[in-house]
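Q: Here is what each chain is made of, one letter per residue.
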Amino acid sequence: MASKSTKVKKTINWIPWLLVLAILAIVVGRIIYLGTVHDRFSSAYFIRAFLESLKLGSLYALIALGYTMVYGIIRLINFAHGEVFMVGAFFTYYLFSFSPYPLYAAVIWSIFIAFGFMKIIELWRGKLKDPVVLASGAFAFVLATYLLSQTTVNFFVALVFSMLLTGVLGIVIDKIAYSPLRTAPRNSLLITAIAVSFFWQNFGLLVFTNRQTPFRPDTFLRNRMVFAVGDGTVRTTMLSFAIPLISVILVVILTLFVTRTRLGKAMRASAQDAEVAQMMGISVNKVIATTFLLGSMLAAAGGAMWGLNFGSLNQPAIMGILPGIKAFAAAVIGGIGSLPGAVIGALIIGFMENFMTAIFPKTAEFQGITEFKDTFAFILLIIVLLIRPSGIVGEDLSEKV
Amino acid sequence: MQDTKHIVQPNRNRNILLTIFATVLVAVALLILTSLGSVKLGSALALFAIWGIATVSLNLVNGTLGILSLGHHGFMLIGGYTTALLILSDDKREKILASGRSSMTPFTVGLSIDNFFNAIGLTAFTTDETLWLRFLVAILLGGLMASVVGLIVGIPSLRLRGDYLAIVTFGFGEIIRLTASTRIFSPITNGALGFSGVPTEFGKSVWWTFAFLGITIYVISKLKYSSFGRAMEGIREDEIASEAMGVNLAYHKVLGFVVSSFFAGIAGGLWVSWLGGARLDSFLFTLTFFFLVALSVGGTGSITGVLLGTALVVFVRQYGDPLEQSYLITTWILAIGVILLLTALAIYIFRTIRRSRPKIIPAFYLFLIAGVATVVLALLAPSLGIMQGEFRGFGMRAIFLSILLIIIMVFRPDGMVGRAEFNWAWVFRERLDQPTEEERKQDAWLSNPELNRPGGAANTSDVEED
Amino acid sequence: MAMLEISNLNKSFGGLQAMTDVSFNVNEGEIISVIGPNGAGKTTLFNLITGVYTPDSGDVRFQGQSLVGKKPSQIVDMGIARTFQNLRLFTNLSIMDNILIPQHHKLKSNWLQAILRTPAYKKEEEEMRKFALEKLSFFGPRLMSFRLYQPVLVLSYANRRRSEIARAMATGAKLLLLDEPSAGMNPKETIEMTKIIKRMRDEGGYTILLVEHKMNLVGEISDRVVVLDYGKKLAEGDYKDVVNNPEVIEAYLGKKATDDDKAKKDGGLE
Chain G
13 MASKSTKVKK
23 TINWIPWLLV
33 LAILAIVVGR
43 IIYLGTVHDR
53 FSSAYFIRAF
63 LESLKLGSLY
73 ALIALGYTMV
83 YGIIRLINFA
93 HGEVFMVGAF
103 FTYYLFSFSP
113 YPLYAAVIWS
123 IFIAFGFMKI
133 IELWRGKLKD
143 PVVLASGAFA
153 FVLATYLLSQ
163 TTVNFFVALV
173 FSMLLTGVLG
183 IVIDKIAYSP
193 LRTAPRNSLL
203 ITAIAVSFFW
213 QNFGLLVFTN
223 RQTPFRPDTF
233 LRNRMVFAVG
243 DGTVRTTMLS
253 FAIPLISVIL
263 VVILTLFVTR
273 TRLGKAMRAS
283 AQDAEVAQMM
293 GISVNKVIAT
303 TFLLGSMLAA
313 AGGAMWGLNF
323 GSLNQPAIMG
333 ILPGIKAFAA
343 AVIGGIGSLP
353 GAVIGALIIG
363 FMENFMTAIF
373 PKTAEFQGIT
383 EFKDTFAFIL
393 LIIVLLIRPS
403 GIVGEDLSEK
413 V
Chain S
224 MQDTKHIVQP
234 NRNRNILLTI
244 FATVLVAVAL
254 LILTSLGSVK
264 LGSALALFAI
274 WGIATVSLNL
284 VNGTLGILSL
294 GHHGFMLIGG
304 YTTALLILSD
314 DKREKILASG
324 RSSMTPFTVG
334 LSIDNFFNAI
344 GLTAFTTDET
354 LWLRFLVAIL
364 LGGLMASVVG
374 LIVGIPSLRL
384 RGDYLAIVTF
394 GFGEIIRLTA
404 STRIFSPITN
414 GALGFSGVPT
424 EFGKSVWWTF
434 AFLGITIYVI
444 SKLKYSSFGR
454 AMEGIREDEI
464 ASEAMGVNLA
474 YHKVLGFVVS
484 SFFAGIAGGL
494 WVSWLGGARL
504 DSFLFTLTFF
514 FLVALSVGGT
524 GSITGVLLGT
534 ALVVFVRQYG
544 DPLEQSYLIT
554 TWILAIGVIL
564 LLTALAIYIF
574 RTIRRSRPKI
584 IPAFYLFLIA
594 GVATVVLALL
604 APSLGIMQGE
614 FRGFGMRAIF
624 LSILLIIIMV
634 FRPDGMVGRA
644 EFNWAWVFRE
654 RLDQPTEEER
664 KQDAWLSNPE
674 LNRPGGAANT
684 SDVEED
Chain R
85 MAMLEISNLN
95 KSFGGLQAMT
105 DVSFNVNEGE
115 IISVIGPNGA
125 GKTTLFNLIT
135 GVYTPDSGDV
145 RFQGQSLVGK
155 KPSQIVDMGI
165 ARTFQNLRLF
175 TNLSIMDNIL
185 IPQHHKLKSN
195 WLQAILRTPA
205 YKKEEEEMRK
215 FALEKLSFFG
225 PRLMSFRLYQ
235 PVLVLSYANR
245 RRSEIARAMA
255 TGAKLLLLDE
265 PSAGMNPKET
275 IEMTKIIKRM
285 RDEGGYTILL
295 VEHKMNLVGE
305 ISDRVVVLDY
315 GKKLAEGDYK
325 DVVNNPEVIE
335 AYLGKKATDD
345 DKAKKDGGLE
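Protein chains in written order, with this note's numbering: chain G, 13 to 413; chain S, 224 to 689; chain R, 85 to 354.
The hints are simulated quantities; they were obtained by calculation from the structure and are not laboratory data.
Hints may be right or wrong, so weigh each one.
Mimicking DSS-like on lysine-lysine, the simulated pairs with C-alpha atoms at most 25 Å apart in a straight line are [what the hints assert, rightly or not]:
1. Lys272/R x Lys445/S
2. Lys272/R x Lys664/S
3. Lys277/G x Lys298/G
4. Lys582/S x Lys139/G
5. Lys206/R x Lys190/R
6. Lys385/G x Lys374/G
7. Lys282/R x Lys214/R
8. Lys282/R x Lys324/R
9. Lys445/S x Lys316/R
10. Lys664/S x Lys141/G
11. Lys155/R x Lys258/R
12. Lys282/R x Lys207/R
13. Lys190/R x Lys155/R
14. Lys445/S x Lys298/R
15. Lys316/R x Lys154/R
16. Lys141/G x Lys298/G
17. Lys445/S x Lys207/R
18. Lys298/R x Lys282/R
19. Lys282/R x Lys272/R
20. Lys192/R x Lys155/R
21. Lys445/S x Lys206/R
22. Lys316/R x Lys279/R
23. Lys272/R x Lys214/R
24. Lys272/R x Lys207/R
25. Lys207/R x Lys190/R
26. Lys445/S x Lys187/G
27. Lys298/R x Lys279/R
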């Protein structure tokens, strides 16, 4: 009996690995096949597709991290995260561009931002009526109004400020809409998140613009790059390398923060069990605020880079929806609640969307799969949820009896 | 040993009579309202009925089954496009065939109930006078089509729980819309162009739409208050416990989902008829969002509440356009100031009613000062020469609805009426859950520790035989 | 033939062996208690029997049919119902609904008949209500009359426990698995619960398998006691024999128990 009880069964599940191998085989086979069909499909074509996919995947990763962090801590699908991404992009735009931002709109934003800033300081000072809190609120109000309505700064400075402002906005969303519902049923919370998302979409129409906005900052990142590969040349921009690089830097900083700092460790503890973490003396409020701050900052960075990449911003009502929901799909595919999972999932979605359409291009006899590329994320999401709800690297979150 | 009131619904015949009477009353009210001749009112009423069908059916899943389904617009799309294609008017079909931009083939353009009836020899039913019959067939086929898709979507995805399921339904809703625009389906959907020319005499007709609404309410309320509905409510309350009590989870979830998507398809059919055409951007997620607002504001789990919520949403949509027009910027700022002052007033009244201490909280002063400042600013601005120009309130209605939803969720998560349902027992104050005088006495005796000793009457089975 | 045969049941979660080679039988009309320290695997045993978990190996047979691989709802159909340690009533629904839901699996009408309210369905519904009242009357008047229509959330804790047992009975099961039926009850209510469980066997004809910590309840009603510790069966038999079994005492008290401690614990167990 003793021998039986100590026996630990180790079975390796081969199916996923076989699946990965099969997909790789299809991709490689397809590349080789296409190479023989037409000159157009040279190695340069595939390298360009690879770079594009990597770029898109990194963009999704920046958004997906916000979803996964928030879900990890308060078990909420933050539907409004796509809109935070949109707001971040527009903040960046109004910070670097020469087009003036109306004062009244800047004031409205600044009220939100000042409120969020006061909430942050309040976490450390204890109460809202504290003079330091009030002073910092006033300071944030003036600074945000000035930044948004008056200045025109370098793109990178704009990016940093936009990340800060959007991060604070994330906290505002949590404080106003989500925090009163901490103990409410999960469905109520989700419906609230959807409402917040709709609010920002239409609010964006009101205070930003209702049309497409060109997004062409004067920065070296947009410089063209041409290099020869084999018998062809790859034409691309610095962005193909800069976006993945910036994403990697931000993800590394985030990972270091989560694993090395006190607050980061508190975050991980709260993700395991918020109640117990609170009993152990961790201020869950601080943790939640930090989560929203970091997630929204990354989303803002993603938004700015999204604009750089595509050269324009869609109108606010629709800009955030698809990237947001695809990034969410990425977070679930990777395993929601896990940071590396979000990055892996995002890269998978990026490659699915871009590389797959590249290796199944439009030819004379075949229409290509470009029109379906928006559905890939959903289909993959559904498949992953059905066969492995915990995602690729995630843990099982099912209810215990 | 027991009186029958616990076994058979009391006053059943009276209730049936009253229901018939109330239905007639509603019909008379509609007759009066339509005879006023206002086109806007008529279409608002019809829209209320159509969206009512959609919300009541969505509520079967969201409120009764407790699954957050976000793909209702997808099922409406299926039903809507099926109905639209089958009932499309002949001149429009010819136009589509003649047009170079159309992606429909002669075969799909020819898919109609007209042609089907002609083919099987029922030419008598292809006249203009019998259009209603073809519409009826088309809309039922639309509903069936939607329920088939509901079945296909439901069987795999309903194994999931909670928010994952919400996302998967959302995903399916979007997939349906995105694939409908692709080349594979554009022979049927005509791509992003869609098609107009769907007869509007049904979707805009108060009688047709309210008849369908009546049927929907009848079927869904009967389902909800049957044994099946109870099982579904059990699933909402506790999945694990209901499975442990013998409820087949998958079957009941799929049942609820399929019935819900059937009526979503019906609503979709009426919706294309109301719009007069089928276009993909009439079936955006916004539609499901409106239904969610209606559900949550009215009260999840209550058909009455859902209809109240729908009335509100339809009112905002149909009569809220003044909100989205262009006004002077100072007018807008004045409006914001007034809202702030009203909020301050609401806080004050709320705390007075609740008799909370302190009666006046900092938030009150905050809103008061901000409100006064904004109003003063708005009034002074013209003379100071700042903030000139006009401003158009794009998306104000959606903003209003989303703020309303957030407020309701924060302050009253169960909605306006909660789970309460309008029924005759409620009208006549017949509360079965309140003790009668006699029962109250017995209860007091039971809970009296002096009398209620171990081995006393309350702990034996003798008392129940009275 | 035994009503429920559990043979060589094994279950592990990851590396943790939660259940090792447990076997025992439950005969018809018996009350069997499963006792053991916290984490001994009692609730896991219930979850294995009712199909919440699937055993790694071993078999559970009910009236000759294997339960392994069946869904919880199918197992209820076969005639086994359970209650939960941490009450899982349908809290927003009335008591009546709570007792009607477990009867739903016996319904013969289909959903279309239910919507149309055919006479056959109406008759079944009436019968379900009668049956519900019959089962509730087991607990005296405290769950009857106006309380039938009150939501469970207004009930006292003891009344919720009673409702849960009534709910399990309403499934029409022959074998009831009660997971700590007297948890959270005061001594008076525990005595009443003891009586009710006895009456359930004697008058209702139920076979009962229960998990319990309150030894006086266990001692009073059990025909046999099964002791689990770390997922293994330590002892099985008459209550008196089992509680005096040195291995059992060791499991409860720890290894280096002196005779003095044993004597005290014996008293405590009594």
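Q: For Lys582/S and Lys139/G, compute the direct alpha-carbon distance and say whether it is at most 25 Å.
A: holds, 20 Å
Q: Lys385/G and Lys374/G: Cα distance at most 25 Å?
A: holds, 13 Å
Q: Is it true that the CA of Lys206/R sits at most 25 Å from the CA of Lys190/R?
A: Cα-Cα ~14 Å, so holds.
Q: Given the hint that Lys272/R pairs with Lys445/S, does the C-alpha gap stay at or below 25 Å?
A: violated, 43 Å
Q: Is the hinted pair Lys664/S and Lys141/G satisfied, with a Cα-Cα distance of at most 25 Å?
A: violated, 54 Å
Q: Going straight from one Cα to the other, do Lys282/R and Lys214/R come out at no more than 25 Å?
A: Holds, because 23 Å separates the two Cα atoms, which is no more than 25 Å.
Q: Going straight from one Cα to the other, do Lys272/R and Lys664/S come out at no more than 25 Å?
A: holds, 22 Å
Q: What's the verdict on Lys445/S and Lys206/R, does the C-alpha distance respect the 25 Å limit or exceed it?
A: Roughly 12 Å between the alpha carbons, so the hint for Lys445/S and Lys206/R holds.
Q: Starting from Lys282/R, check that the Cα of Lys324/R is at most 25 Å away, please.
A: Holds. Lys282/R to Lys324/R sits at ~19 Å (cutoff 25 Å).
Q: For a C-alpha distance cap of 25 Å, please report whether Lys155/R and Lys258/R respect it.
A: holds, 18 Å
Q: Under the criterion that the straight-line Cα-Cα distance not exceed 25 Å, is the pair Lys272/R, Lys207/R satisfied?
A: violated, 40 Å
Q: Quickly compare the C-alpha distance for Lys316/R and Lys154/R to 25 Å and report which way the hint goes.
A: holds, 24 Å
Comparing the model with each numbered hint stated earlier shows that hints 1, 9, 10, 12, 14, 22, 23, 24, 26 do not hold.
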